[in-house]
Amino acid sequence: MDRIKFLGDVKIRPTLIQLLNLGMIICSALMIWKGLMCITGCESPVVVVLTGSMEPGFKRGDILFLHMNKEPIRAGEIVVYNVDGRDIPIVHRVIKAHERRDTGEIDILTKGDNNQVDDITLYSGGQLWLNRHHIIGRAIGYLPYVGYLTIIMTEMPIVKYLLIGVLALLVITSEE
Amino acid sequence: MHSFGYRANAVLTFGVTMLALMCFLASLSDTFTVPTTSAEVKILNINWFQKQANGNDEVSLTLNVSADLSTLFTWNTKQVFVFVAAEYETPQNALNQVSLWDGIIPSKEHAKFWIHTTNKYRFVDQGSNLKGKDFNLTLHWHIMPKTGKMFADKIVMTGYRLPEEYR
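Note that the protein sequences, when read in sequence, are chains A and B.
For the first sequence, the working numbering assigns the number 82 to the initial residue and increments by one for each residue that follows.
For the second sequence, the working numbering assigns the number 393 to the initial residue and increments by one for each residue that follows.
Some hints here could point you the wrong way.
Using 20 Å as the maximum straight-line C-alpha spacing, the simulated PhoX-like pairs for lysine-lysine come out as follows [as the list claims (entries may be wrong)]:
| id | chain 1 | residue 1 | chain 2 | residue 2 |
| --- | --- | --- | --- | --- |
| 1 | B | K525 | B | K500 |
| 2 | B | K443 | B | K525 |
| 3 | B | K538 | A | K140 |
| 4 | A | K140 | B | K504 |
| 5 | A | K140 | B | K443 |
To be clear, the hints were calculated from the coordinates, so they are not data collected in a lab.
Since the structure is predicted, the reported quantities are computational estimates derived from the model, not experimental observations.
If we strip away everything but chain A, and leave its shape as in the complex, we get (with noise of 0.2 Å):
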């Protein structure tokens, strides 16, 4: 009796539990990096290495931590901005600072570790400094391999996919 199965008999409640569970943890991930968001004072509080520019400290790959406060920026940080125009951001460490004494406003020339030469051939136009407010963030710790990942699913696109595919394959078919 309480077995039976009826032809497209759909079992309604346990296939409405597991989309709340879906629910919940897609719910999740994006309030803990909503509030990474807050408590670090960046847009991406953590990114990716996408280039050998600070080798041998950082490599292809690696992950870093960002913070940003009201602190001023000084020399030697290292620093990830948006240059005018493109949304990759760039890591690299400040050489130059130059900060106005009555506005508060800084002038910036960052280099990555590995360059021969400076990065003001990267900056938009006729540019010759940062500011402020092309910065998105001060790297303030590191782990090394872990954004590997990333750069794969960025570069070719059938991993993402596949990799979504099984896991959706894998919710939808755990049930007991």
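Go by the hints and put chain B onto chain A.
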């Protein structure tokens, strides 16, 4: 409950959690080191001191940098990035920091060093304020760990002065 999938999942989760914990502990151990460092920078020569076509002063120096940073190295240290910056103020700018030379110390054996060099990066002012300017030379270091938090500190050396006239 005892399928391969569940077991693999449990092992993987535990493994990743343990790895993350070890990285955190490794970084934590760095906070217990109390370093004693020493540094000295001598300006051997002012090679030239000119005003450029765009109105900015530029000076070329030959420096002698010697330092002992070996107490900074722990088992969690990958490398120490060290640089010497000239720091001064001008009527327009409250602070100017210009990096003159930097280097990477890959291990404790190289941490006690002595280098004789001209400035690696151009010492250019924003404007023409360098004549007779008093400035500090600060040796900064950034400890880059194998995993975890990065630390930075510096030694400020005062008492340097640029010539009154161009040469």
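Structure-based check of each hint:
With a C-alpha separation of about 36 Å, the suggested pairing of K525 (chain B) with K500 (chain B) is violated against the 20 Å cut-off. A distance of roughly 14 Å separates the Cα atoms of K443 (chain B) and K525 (chain B); the hinted pair therefore holds under the 20 Å criterion. Of the pairs offered as hints, the one joining K538 (chain B) and K140 (chain A) holds, with about 12 Å between alpha carbons and a cut-off of 20 Å not exceeded. Taking the CA atoms of K140 (chain A) and K504 (chain B), the gap is near 26 Å; set against the 20 Å cutoff, the hint is violated.
For the hint pairing K140 (chain A) with K443 (chain B), the CA-to-CA distance comes to about 40 Å; that exceeds 20 Å, so the pair is violated.
Hints 1, 4 and 5 from the earlier list are contradicted by this structure; the remaining hints agree with it.
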